[in-house]
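Respectively, the protein sequence lines represent chains A and B.
Our numbering puts the first sequence at residues 1 to 571.
Our numbering puts the second sequence at residues 1001 to 1452.
To be clear, the hints were calculated from the coordinates, so they are not data collected in a lab.
Using N, Cα and C, we set each Cβ at its ideal position, and we do this for glycine too.
Incorrect hints may have been included.
Stated by the list, open to error - Far from chain A by the CB rule (all over 12 Å, computed), these chain B residues:
| hint | residue |
| --- | --- |
| 1 | 1045 |
| 2 | 1056 |
| 3 | 1118 |
| 4 | 1138 |
| 5 | 1139 |
| 6 | 1184 |
| 7 | 1211 |
| 8 | 1239 |
| 9 | 1253 |
| 10 | 1257 |
| 11 | 1259 |
| 12 | 1312 |
| 13 | 1356 |
| 14 | 1414 |
| 15 | 1428 |
Stated by the list, open to error - Derived lysine-lysine pairs resembling DSBU-like cross-links, with alpha carbons at most 35 Å apart:
| hint | chain 1 | residue 1 | chain 2 | residue 2 |
| --- | --- | --- | --- | --- |
| 16 | A | 288 | B | 1207 |
| 17 | A | 283 | B | 1207 |
| 18 | B | 1442 | A | 198 |
| 19 | A | 160 | B | 1056 |
| 20 | A | 445 | B | 1446 |
| 21 | A | 466 | A | 419 |
| 22 | A | 283 | B | 1231 |
| 23 | B | 1378 | A | 475 |
| 24 | A | 198 | B | 1446 |
| 25 | B | 1207 | B | 1056 |
| 26 | B | 1231 | A | 198 |
| 27 | B | 1207 | A | 198 |
| 28 | A | 466 | A | 283 |
| 29 | A | 475 | A | 110 |
| 30 | A | 160 | B | 1207 |
| 31 | A | 283 | B | 1442 |
| 32 | B | 1207 | A | 104 |
| 33 | B | 1378 | A | 283 |
| 34 | B | 1056 | A | 229 |
| 35 | A | 288 | B | 1056 |
| 36 | A | 283 | B | 1056 |
| 37 | A | 198 | B | 1056 |
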Amino acid sequence: MVRLTLVLLCLTVFGMGCQRLAEPPSSVSEAQGPDWFEDVTDEVGIDFVHDPGPLDGTYPLPQTTGSGVALFDADGDGWLDIYLVNNGGSRGRPNQLYLQRDGKFINASKGSGLDFSGYGMGAAVGDVNNDGRPDLLVTLVGSARLFINQGGGVFRDVTKEAGIDNPVWGTSTAFVDYDRDGRLDLVVVNYIDFDPTKRCESSRGQADYCSPNVFAPTASRLFRNLGEKDGIPRFQDVTTSSGLARAPGPGLGVYCADFDGDGWTDIFVANDGRPNHLWINQKNGTFKEEAVPRGLAYDAMGRAQAGMGVAFADVDGDGLLDVFVTHLTEEQHTLWKQGPRGLYRDRSAQARLSTPGWRSTGFGTALFDIDNDGWPDLVIANGRASRGPAVGSSPLGEHWGPYGERNQVFANDGSGRFKDVSRSNPGLCGRPNVARGLAVGDLDKDGGLDLVLTTAGNRARVFRNKAPDRGHWLKVRANDSTGKRDALGAEVTVCTAGRKQIRVLQTADSYLSASEATVHFGLGQHTRYLALEILWPDGTQERFEGGAADCLRSLRQGTGTPIEMPRINRP
Amino acid sequence: MKPRTIFVAFLALALLSAGGVLGFRWWRGGADPTPQPPTFDPTSVNDAELAQAIEKMRQGVLRQPRSAEAWSRLGKVLLANGYHDEAVPCFEQAARLAPNEARWLYFAGLAHRMHNLDAALGCFRQAAQLVPAADPAAFVMRVRYAEALLLAGHVEEAAPLLRELLEQEPDNPRLHLALGALDLETNDLQAARTHLLRCADHPLTRKRAANHLATVSLRQGDSAAAERYRKRARRLPRDPEAPDPFVDEYAALMIGRQALFFRGEYLLTGGEIQQAIEVFQTLIAVHPDAVEAYIKLGMAWLERNNYAQAEQVLRRATAVQPESVQAHYFLCVALFNQAEQSGAASGFDAAAAEARKTLARKPDHAFAHLYLGLVLRKQGQSAKALEELRQAVRFSPESTDPHLHFGEALLESGERQEGLAQLEKAVEVAGEDDSRPREALKKWRKAVEGKQ
């Protein structure tokens, strides 16, 4: 009789098929959480619609890679402005600069020098001539252009005089002082050797964007800042002599920081469909590629994935910074946790990132503390790179409809594990989009980090942080010894009672985008912090006294107390 | 209440529930309503032959809606030709109709695995549980399930299964690779090394094993070994997919143009040239307008150094699609190599013409500049050759040949300093297996010193 019962029960179970059993656990798919963002695009006056070029059925790959966004104070008034890139080609709509005035953004493109057309991709922000004004580099398919900030929201194109020649398809880009000479050098991540006559089809025989695998990868390029001549910074292409030419790759994302714990800035490049690259600074002007032994080239199963956006943060508070890279819908986004120092391991499953509410193709991404509870949360800007299943009529229209996906947001539970709270964030995640760039910054200076998101062929959107019961916070600006230039690459640690948090000052992250040049900490219930410790890009370390929370603290190298922080031995 | 009374009550309740379900099914006609097979929008299948094949299987399902085999045939033809999502319900329906048959669940898992790992895992789990241990397919299904568990991060569940399977096949490279990855996950480095060394030379696993061994070595503090393994992994071609009779079963139904093309491309990039040639030839026979297949076939013949065959198919490619950059470029390569072999001046002229056609369509094509430069150099047009070679270096500084040939051309024209610098760059970017730049640098340094 008992056997009969079991047989009957088994039959009932098998009758269900495997689809239902395979659904994510209810705790994941039905996770509820706070609603953190509201779409304020119209309210703040951003009317930018991305120009992807003509949708003429040829499906050129640059169209679907989209373009980025830069958040920086372009006119020096102390408020973040927004620069948005187009990729409609030389006859397409020009890039747009929006300056912030009284909480609204005014289109100030005309006369800014930045309103040019082309197949625009990424943007990087950094003060290349140490004059205290952030300059801008824009990558394009076939070039990169450097603009010097003249003040007042006006820029001058100095590409040729500066010696920047990147005649291939540039994507993400970053300024970095890799040789510790006090001048920002430039990394341009390059993608593939694109052939515009190549036509591709989906597996179902429909015209579609090509996979990058059908084109040859190209090398990222490194330009060394030699200093100014006649008021213009001069760069030398050191791609080959630095070693970067040794390993080409279809690069899309970049992050520059100290990945191995020796105090020197390294370069991580997320490659699309090939192993990632980790260029370890050899402290003599050269780099050695060490992604494989350090565990960042592949996922846990030894597979190269389609790396796109990059985020770098300490997700579990162990004092070691971890790497997150977005991938395709058919793959998994990957979180590599650092530990021991300089070595990384795929911990996506342990962080509960392998069973999200839904799978997606992630491009832009950011690890930052949304609710100021002291733990970095995760945002992913989604949109397919190749046709998805038929969706019927889509608000994105006939062309972009099959590529639309909803964005995702994950809450850090305070132990480095994440809960998918996308469903409770309809403003950010409630509708499909073909999202690409994502930049983070405190647009309204209220201590909550806001988002600007770009899409392929559609509107850029601004999301205001409206997290309820946000904790206390601290923002830090860290400048070099002249007090003018942001010390990109500096590691800033805030000490509160019983806890330390570490962040890197870096504007170039995510995908094709540049975020605000400050370090932001959520302090939870702490109304004060005890101290700030900084490892400057030149290797020196200082400690600064603590103070009250909920403010922006500006630090200048050389004005703190020199310290010798214990360095953890690295392999 | 006594435990026995509770048990009897529970049993009665279970029987009552089961009886209710069966009664409801009997009342509804004795079985689940049979879902309709997927219908297809003819415009979404651009391939007439494929559309016809799918329709034939669909008609089979309509004729025998309660046949698990008919549903699975439809599922397999869909899966083979890229319709993963549409294949899933077919296999699930087959599984409902034949609940004791593990393979339909396994096929459903294969269909899910590209887009939904969680769903695939569920299917593989059920298949592995259902398949009788004596079934020859049991091992394949359980290995796949164990790998899926590992992939999804279920390390604790994967470990005993993998070890149990290893007892059945102690030399299985997939199991050693998976166990190596698992031990690396759990930081048991010595155990990881032991497993990885067991699969380090197997063609199915050697690249991934080398990658993992590089990581293990650095974690064990042996950076020299890490570097050796890293270089080894870099040199090796991609590990091919492990043999799976179920994959073979549906792969045999690959008839769609795109599915065949992807298959050929996969083989070509994996270094399986002869198999790739056969796939592309099949594809061209069925679809004589498939320009990409001609180009890939041409590339495969070039890999085989069969330049005449390459020329033949690439000429057809340029005829089918005159605007194709790749067709003109690879034709240039085929012509140049034939001219090199025969020494015929007309061959170099033809190669130069194709290089120019390539550059007219894609001015930043580094290797078209390179080949044009090489032809011009042979024709004694040094200044023009130098300009082309300079462009090749500009567009592809990561490639050895532009630096090498530009350097030599510069040195031949008396530009010693820049020439040697280019050869040094060629050495910098060349792989260890490529001794040409080192030899050229040595030769030219000696020559320059001799002149001084």
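These are the hints, each one checked on the structure:
Remark: the non-interface label on residue 1045(B) conflicts with the geometry, its nearest Cβ contact in chain A lying 7 Å away (cut-off 12 Å). No beta-carbon of chain A comes within 12 Å of the beta-carbon of residue 1056(B); the shortest separation is about 18 Å. At the 12 Å boundary, the C-beta of residue 1118(B) falls inside the reach of chain A, the nearest C-beta of that chain being 5 Å off. Every Cβ of chain A is farther than 12 Å from the Cβ of residue 1138(B); the closest lies at roughly 17 Å, confirming the non-interface assignment.
Chain A leaves residue 1139(B) outside its interface by the beta-carbon criterion, the shortest separation being 20 Å against a cut-off of 12 Å. Not every Cβ of chain A is farther than 12 Å from the Cβ of residue 1184(B); the closest lies at roughly 8 Å, contradicting the non-interface assignment. The Cβ of residue 1211(B) sits about 5 Å from the closest Cβ of chain A, inside the 12 Å cut-off, so the non-interface label is violated. Its beta-carbon lying about 8 Å from the closest one in chain A, residue 1239(B) breaks the requirement of being farther than 12 Å from that chain.
A cut-off of 12 Å between C-beta atoms confirms that residue 1253(B) is not in contact with chain A; the least separation is 14 Å. Non-interface call for residue 1257(B) relative to chain A: violated, since the shortest CB-CB distance, roughly 6 Å, does not exceed 12 Å. Listed as outside the interface, residue 1259(B) is inconsistent with that label: its C-beta sits roughly 7 Å from the nearest C-beta of chain A, within the 12 Å cut-off. At roughly 21 Å from the closest C-beta of chain A, the C-beta of residue 1312(B) stays outside 12 Å, upholding its exclusion from the interface.
Residue placement check: residue 1356(B) keeps its beta carbon more than 12 Å from all beta carbons of chain A (closest about 15 Å). At the 12 Å boundary, the C-beta of residue 1414(B) stays outside the reach of chain A, the nearest C-beta of that chain being 23 Å off. The Cβ of residue 1428(B) sits about 6 Å from the closest Cβ of chain A, inside the 12 Å cut-off, so the non-interface label is violated. For a cut-off of 35 Å, the pair hint linking residue 288(A) to residue 1207(B) stands: about 20 Å separates their Cα positions.
Of the pairs offered as hints, the one joining residue 283(A) and residue 1207(B) holds, with about 31 Å between alpha carbons and a cut-off of 35 Å not exceeded. Taking the CA atoms of residue 1442(B) and residue 198(A), the gap is about 41 Å. The hint is violated against a cut of 35 Å. Only pairs whose Cα atoms come within 35 Å are accepted, and residue 160(A) paired with residue 1056(B) is rejected, the gap being roughly 63 Å. Only pairs whose Cα atoms come within 35 Å are accepted, and residue 445(A) paired with residue 1446(B) is rejected, the gap being roughly 66 Å.
Restraint check: the Cα-Cα separation between residue 466(A) and residue 419(A) comes to about 19 Å, which is no more than 35 Å; the hinted pair holds. Between residue 283(A) and residue 1231(B) the alpha-carbon distance is near 22 Å, which keeps this suggested pair within the 35 Å criterion. This hinted pair does not check out: residue 1378(B) and residue 475(A) have alpha carbons roughly 64 Å apart, beyond 35 Å. A C-alpha spacing of about 45 Å is found between residue 198(A) and residue 1446(B), which places the hinted pair above 35 Å, so the restraint is violated.
Among the hinted pairs, residue 1207(B) with residue 1056(B) is inconsistent with the structure: their alpha-carbon atoms are about 41 Å apart, more than 35 Å. Restraint check: the Cα-Cα separation between residue 1231(B) and residue 198(A) comes to about 32 Å, which is no more than 35 Å; the hinted pair holds. A C-alpha spacing of about 30 Å is found between residue 1207(B) and residue 198(A), which places the hinted pair at or below 35 Å, so the restraint holds. Pair hint residue 466(A) plus residue 283(A) does not hold up; C-alpha atoms about 44 Å apart against a cutoff of 35 Å.
With a C-alpha separation of about 32 Å, the suggested pair residue 475(A) and residue 110(A) falls inside the 35 Å cut-off, and the hint holds. Between residue 160(A) and residue 1207(B) the CA atoms are separated by roughly 43 Å; this puts the pair beyond 35 Å, and the hint is violated. Annotation: proposed proximity of residue 283(A) to residue 1442(B) holds, straight-line Cα distance about 28 Å (limit 35 Å). Between residue 1207(B) and residue 104(A) the alpha-carbon distance is near 54 Å, which puts this suggested pair outside the 35 Å criterion.
Proximity of residue 1378(B) to residue 283(A) is assessed by CA-CA distance (about 43 Å); at most 35 Å being required, the pair is judged violated. Taking the CA atoms of residue 1056(B) and residue 229(A), the gap is near 74 Å; set against the 35 Å cutoff, the hint is violated. Restraint check: the Cα-Cα separation between residue 288(A) and residue 1056(B) comes to about 57 Å, which exceeds 35 Å; the hinted pair is violated. About 66 Å separates the Cα atoms of residue 283(A) and residue 1056(B), which puts this hinted pair outside 35 Å; it is violated.
Among the hinted pairs, residue 198(A) with residue 1056(B) is consistent with the structure: their alpha-carbon atoms are about 33 Å apart, no more than 35 Å.
Comparing the model with each earlier hint shows violations of hints 1, 3, 6, 7, 8, 10, 11, 15, 18, 19, 20, 23, 24, 25, 28, 30, 32, 33, 34, 35, 36; every other hint is respected.
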